[in-house]
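Note that the protein sequences, when read in sequence, are chains Y and F.
With my numbering, letter number 114 in the first sequence gets 114, and the count goes up by one each step, no holes.
With my numbering, letter number 334 in the second sequence gets 334, and the count goes up by one each step, no holes.
Keep in mind the hints are simulated off the structure, nothing from the lab.
There may be inaccurate statements among the hints.
Simulated pairs of lysine-lysine, DSS-like, Cα-Cα distance not exceeding 30 Å [to be verified]: (1) F:Lys193 <-> F:Lys269; (2) Y:Lys258 <-> F:Lys264; (3) Y:Lys222 <-> F:Lys4; (4) F:Lys237 <-> Y:Lys67; (5) F:Lys264 <-> Y:Lys63; (6) F:Lys383 <-> Y:Lys259; (7) Y:Lys51 <-> Y:Lys102; (8) Y:Lys150 <-> Y:Lys63; (9) Y:Lys67 <-> Y:Lys102; (10) F:Lys272 <-> F:Lys345; (11) F:Lys230 <-> F:Lys272; (12) Y:Lys258 <-> F:Lys286; (13) Y:Lys223 <-> Y:Lys146; (14) Y:Lys152 <-> Y:Lys122; (15) F:Lys216 <-> Y:Lys35; (16) F:Lys395 <-> F:Lys269; (17) F:Lys233 <-> F:Lys57; (18) F:Lys272 <-> Y:Lys102; (19) Y:Lys222 <-> F:Lys264; (20) F:Lys286 <-> Y:Lys223; (21) Y:Lys29 <-> F:Lys57; (22) F:Lys57 <-> F:Lys237; (23) F:Lys272 <-> Y:Lys259; (24) F:Lys286 <-> F:Lys383; (25) F:Lys269 <-> F:Lys352; (26) F:Lys230 <-> Y:Lys67; (27) F:Lys269 <-> Y:Lys67; (28) Y:Lys99 <-> F:Lys395; (29) Y:Lys122 <-> F:Lys233; (30) F:Lys264 <-> F:Lys353; (31) F:Lys12 <-> Y:Lys29; (32) Y:Lys67 <-> Y:Lys55; (33) Y:Lys223 <-> F:Lys349; (34) F:Lys272 <-> Y:Lys222; (35) F:Lys230 <-> F:Lys286; (36) Y:Lys35 <-> F:Lys12; (37) F:Lys286 <-> Y:Lys222; (38) F:Lys4 <-> Y:Lys29.
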Amino acid sequence: MEQQIFNGTQEYVASEQLMASVNIAIALKKPLLIKGEPGTGKTMLAEAVAKALGKRLIIWNIKSTTKAQEGLYVYDTIQRLYDGQFGEEGVNDIARYIKLGKLGEAFDSDEQVILLIDEIDKAALEFPNDLLWELDQMEFYINETKRTVKAKHRPIVIITSNAEKELPDAFLRRCIFHYIDFPERELMEEIVRVHFPDVEANLLKNAMDVFYNIRTIRDIRKKPSTSELIDWVNALQIGGIPADKIRKELPFVGVVVKKDEDLELVRQNPLN
Amino acid sequence: MFIKFFETLRAKGLRVTLGEWLTLQDALDQGLCGSSLTQFYYVARMILVKSETDFDKFDMAFEECFKPAQRETEVGKEMLRWLDKSDMMELAHEEARAHLNQMEDIAVDKETVEETFKQRLKDQDSEHNGGSFWIGTMGKTSFGNMGGNVGGVRVGGQTGYQSAFSVVGARKYRDFRDDRVLDNRQFQLAFRKLRQFSSRLDIPETELDIDGTIDKTCNNGGCLQIVMQKPRKNAVKLLLLMDSGGTMIPYSSLLNDLFQAVHKSNHYKDVKTYYFHNCIYSKLYKTPECENGDWIDTEWMFRNLDSDYKVIIVGDAAMAPEELYSDTGNYRGPNGGLSGWEWLKLVKKKYKKVVWLNPKMAPGRAPWREAETAVKELFPMYKLTVDGLNRAMIKLMANK
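From just these sequences and the hints, can you work out the full model?
Structural data, given as structure tokens:
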């Protein structure tokens, strides 16, 4: 197989370590587990990898009700029942009623794809364990049609977690782990500039000062994240706020600070 | 390879498994670490460590094992840029090398080189190529890259990684360290047993009602008619009462685990937590600090939390018998004129299902622990272990 190297993209600024972990996960053929504060671009990473490597991205969004089985396949029995009533053509063909889930789709694809399993910690406690075999062997068995779906090309699996629940050890053992640190100022500046190439230097500096100050306030309930800073800079630009007013008046601060208690705290704390 | 590192990691409390270790060997075989210690640090960490809370332990182990191997001196970015001269590669052919080597007359010994290197690093302020004193490319000093001197310090590289030891040294992940036993998964799994399904809740109908479908279809002359129903939801309401008295302090991390497990089990209809000091009296505190004023009336709880709440009392039941039976009650907080014993009886009367979890329960009847034995008569008591918790949960769910 040809060597594929991920080096970040125009739109996505990744730290060297993050890029290295992506490349190592690809080389070792293991799922890459990404953790980090909300808004540090965990989900965007998969998009960036897909873009950089020129591969299709399949996203499996996990919700609290998601079952592992849904990722493999769903057998639409009700449709078949209804069709059977009216003697529709092809009712005998069970395969018609087997719909592959996201994982199944990734396995069945004719070319290598990127599979993003987003926010795996949202699902029930048992969820990750139910996928161990499938992620290890890259295959599963459809009972109804006696067919084994086996990955033609092992997908690059990226899994994100917000650490709402602990993941089982057996699952963790099989992953490559990367924790996205909160970006330092320089990296952050680079990230904002990727989104707004001609942002005014003074405005950005002031906004970042305030932003990092807010993050250092003790007892703050929800620290603002990268994506919130980006939204804020955008709002400040659109609003045409002069740079010197940012510190004093905190315009549109609601974009950065979302909780009432936190807003109070920010107002009380001098930001200089 | 590196077996000592593996052992050190395990000794530091990281549960590295053989499988993960073999994966690391695989990575080394594939040359994914290059020949750089720093790169090895990151690769090893991403394969062996699965939680940022363990990064600090990993750092410590890494430092212990590889400190002697440290030869990477921090080199400024600017310096690296001066040295990044891949376009000069063609020039650095063998002949030039041989030539330069001849001219270098000082015998190289490692320590002097390092010493001088550090000094030079401090003094140098511009780019040098081909010289014989400063750090630069194509030169004949012991420093720099593509130079003629073979025994010197190679400066420069494409990695751009932070030196492993500056990362380790900074102990950046110390704050993430979390020495409260991380694995409360077993507790969480025990709490899963507390399920009582009800379909009376207000949620969309997403499940097939088989009996209903058969009835309707038969009534419909055999023409299929599907009936859907609401999925069953857990209707269990939980009331957690925790002792936060002085004798409980040694168990605080255990209680913390229990508390977290309850709150992570988000499948309950409702969870309420209150605290008491030694025994339940007329007030229940809202926080474990049990501060005067920050409380609710126990009677308010009786009125507002109905008898369907399943009650878990956590405490060591180690009060003195005088305290349990005395009408004047606890030395802190009001008791409403009733002894602790009377209050406990009121709890039993109000709630259908109550269990007591005790972190230091004596086996069987223990005459030397009178209060505990008395409480055992009132409530089923279990030791606060995974096994005890499991049995307590079964008791809470049992019909009788």
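Okay, the hints, checked on the actual structure:
1. Proposed proximity of Lys193 of chain F and Lys269 of chain F is supported: the alpha carbons are some 14 Å apart, at most 30 Å.
2. Pair hint Lys258 of chain Y plus Lys264 of chain F holds up; C-alpha atoms about 23 Å apart against a cutoff of 30 Å.
3. Our distance criterion of 30 Å between C-alpha atoms is broken by Lys222 of chain Y and Lys4 of chain F, whose separation comes to about 42 Å.
4. For a cut-off of 30 Å, the pair hint linking Lys237 of chain F to Lys67 of chain Y stands: about 25 Å separates their Cα positions.
5. For the proposed pair Lys264 of chain F and Lys63 of chain Y, the alpha carbon gap of about 16 Å is at most 30 Å, so the pair holds.
6. Between the alpha carbons of Lys383 of chain F and Lys259 of chain Y the distance comes to roughly 41 Å, so the proposed pair goes past 30 Å and is violated.
7. For a cut-off of 30 Å, the pair hint linking Lys51 of chain Y to Lys102 of chain Y stands: about 19 Å separates their Cα positions.
8. Between the alpha carbons of Lys150 of chain Y and Lys63 of chain Y the distance comes to roughly 25 Å, so the proposed pair stays at or under 30 Å and holds.
9. In summary, the hint linking Lys67 of chain Y to Lys102 of chain Y is supported, as the alpha carbons are separated by about 12 Å, within the 30 Å threshold.
10. Taken as a hint, the Lys272 of chain F and Lys345 of chain F pair is honoured in the structure, with Cα atoms around 20 Å apart against an allowance of 30 Å.
11. The hinted pair formed by Lys230 of chain F and Lys272 of chain F meets the criterion: a straight-line CA distance of about 26 Å does not exceed 30 Å.
12. Taken as a hint, the Lys258 of chain Y and Lys286 of chain F pair is honoured in the structure, with Cα atoms around 26 Å apart against an allowance of 30 Å.
13. A hinted pair counts as satisfied when its Cα atoms are at most 30 Å apart, and Lys223 of chain Y with Lys146 of chain Y does not qualify at roughly 51 Å.
14. With a C-alpha separation of about 29 Å, the suggested pairing of Lys152 of chain Y with Lys122 of chain Y holds against the 30 Å cut-off.
15. For a cut-off of 30 Å, the pair hint linking Lys216 of chain F to Lys35 of chain Y is broken: about 50 Å separates their Cα positions.
16. A distance of roughly 19 Å separates the Cα atoms of Lys395 of chain F and Lys269 of chain F; the hinted pair therefore holds under the 30 Å criterion.
17. The hinted pair formed by Lys233 of chain F and Lys57 of chain F fails the criterion: a straight-line CA distance of about 41 Å is larger than 30 Å.
18. Using a Cα cut-off of 30 Å, the hinted pair Lys272 of chain F and Lys102 of chain Y is violated, with the two alpha carbons roughly 39 Å apart.
19. This hinted pair checks out: Lys222 of chain Y and Lys264 of chain F have alpha carbons roughly 19 Å apart, not beyond 30 Å.
20. Proximity of Lys286 of chain F to Lys223 of chain Y is assessed by CA-CA distance (about 26 Å); at most 30 Å being required, the pair is judged to hold.
21. For the given pair, Lys29 of chain Y sits about 26 Å from Lys57 of chain F by alpha-carbon distance, which is consistent with the 30 Å threshold.
22. About 39 Å separates the Cα atoms of Lys57 of chain F and Lys237 of chain F, which puts this hinted pair outside 30 Å; it is violated.
23. At roughly 23 Å between alpha-carbon atoms, Lys272 of chain F and Lys259 of chain Y fall within 30 Å of each other, so this suggested pair holds.
24. Proposed proximity of Lys286 of chain F and Lys383 of chain F is supported: the alpha carbons are some 25 Å apart, at most 30 Å.
25. Annotation: proposed proximity of Lys269 of chain F to Lys352 of chain F holds, straight-line Cα distance about 17 Å (limit 30 Å).
26. For the given pair, Lys230 of chain F sits about 17 Å from Lys67 of chain Y by alpha-carbon distance, which is consistent with the 30 Å threshold.
27. Distance check on the hinted pair: Lys269 of chain F and Lys67 of chain Y sit about 21 Å apart at the alpha-carbon level, within 30 Å; holds.
28. Restraint check for Lys99 of chain Y and Lys395 of chain F: not satisfied, since their Cα atoms lie roughly 43 Å apart, outside the 30 Å limit.
29. For the given pair, Lys122 of chain Y sits about 18 Å from Lys233 of chain F by alpha-carbon distance, which is consistent with the 30 Å threshold.
30. The hinted pair formed by Lys264 of chain F and Lys353 of chain F meets the criterion: a straight-line CA distance of about 22 Å does not exceed 30 Å.
31. This hinted pair checks out: Lys12 of chain F and Lys29 of chain Y have alpha carbons roughly 28 Å apart, not beyond 30 Å.
32. Restraint check for Lys67 of chain Y and Lys55 of chain Y: the C-alpha separation of about 26 Å stays at or below 30 Å, so the hint holds.
33. With a CA separation close to 46 Å, the supplied pair Lys223 of chain Y and Lys349 of chain F exceeds the 30 Å bound.
34. For the proposed pair Lys272 of chain F and Lys222 of chain Y, the alpha carbon gap of about 24 Å is at most 30 Å, so the pair holds.
35. With a CA separation close to 36 Å, the supplied pair Lys230 of chain F and Lys286 of chain F exceeds the 30 Å bound.
36. Taken as a hint, the Lys35 of chain Y and Lys12 of chain F pair is honoured in the structure, with Cα atoms around 23 Å apart against an allowance of 30 Å.
37. For the hint pairing Lys286 of chain F with Lys222 of chain Y, the CA-to-CA distance comes to about 23 Å; that is within 30 Å, so the pair holds.
38. Restraint check: the Cα-Cα separation between Lys4 of chain F and Lys29 of chain Y comes to about 27 Å, which is no more than 30 Å; the hinted pair holds.
When the structure is compared with the earlier hints, violations turn up for hints 3, 6, 13, 15, 17, 18, 22, 28, 33 and 35 and for no others.
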